[in-house]
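So the sequences go chain by chain: A and B.
First residue of the first sequence: 1, per the working numbering; consecutive thereafter.
First residue of the second sequence: 1, per the working numbering; consecutive thereafter.
Check each hint, because a few of them may be wrong.
[Said to hold, decoys possible] Chain A side only, calculated, beta carbon under 7 Å to chain B, not exhaustive:
id	residue
1	Pro-40
2	Gly-43
3	His-72
4	Thr-99
5	Gly-107
Worth flagging that the hints you see were computed from the coordinates, not collected in a lab.
All C-beta atoms in this analysis are idealised placements derived from N, C-alpha and C, irrespective of residue type, glycine included.
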Amino acid sequence: DQQVKQNSPSLSVQEGRISILNCDYTNSMFDYFLWYKKYPAEGPTFLISISSIKDKNEDGRFTVFLNKSAKHLSLHIVPSQPGDSAVYFCAASARSSNTGKLIFGQGTTLQVKP
Amino acid sequence: DTAVSQTPKYLVTQMGNDKSIKCEQNLGHDTMYWYKQDSKKFLKIMFSYNNKELIINETVPNRFSPKSPDKAHLNLHINSLELGDSAVYFCASSPQLAGGPNEQFFGPGTRLTVL
């Protein structure tokens, strides 16, 4: 039972355009969401997060949007750069569980073409 | 000045062997984790420790045993290795278990191949 789903395995965009990566979740107890970026042969690195009390969080070229009613979040990268080419993982946690447990989606491979 | 380090990076071994993967973090974090990324690329939590105390123990075979000698180290020992154990294992740490943002910092991964 996959509680966090990234239904697009891959995405290809042109440099300078917007990249939109999507993530859906099923557990209404999740109250904190994170995006991680992963290059080959490296560990995931934290990118941006959002608490369930917000619907938007922005950090430079990266913006995460949260739609709680739809149980959906998205990561927008604008403008996209070739160095953004990586696998992006969405993750969710229920902080009330006091376990620190993160549930990850299966990842979306982003390719930004020069 | 690597934040979360794992050794070895690659591990190739025969079925039935026992092996260990070591993890160390120099971030001063209280909580450490082990994740497994299987062939389908899913990242799944296996264990977490908070100040040397086991917090999360997912449905992982008993052949896997984590050990935390201190809060900066969390090692993973695997007995009687099986083909299905082949995966990339990631160690991670976070500042705290609860009460705040849970941004976890990951190590570079250990690719385990069981022949």
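Each hint, compared with the structure:
1. Pro-40: It is violated, given that the least Cβ distance between Pro-40 (chain A) and chain B is near 10 Å, above 7 Å.
2. Gly-43: Holds, about 3 Å.
3. His-72: With a minimum Cβ separation of about 20 Å from chain B (threshold 7 Å), the hint on His-72 (chain A) is violated.
4. Thr-99: The hint holds - Thr-99 (chain A) has a Cβ within 7 Å of chain B, the shortest such distance being about 5 Å.
5. Gly-107: holds, 5 Å
Going down the numbered hints, you'll see the structure goes against 1 and 3, while the others check out.
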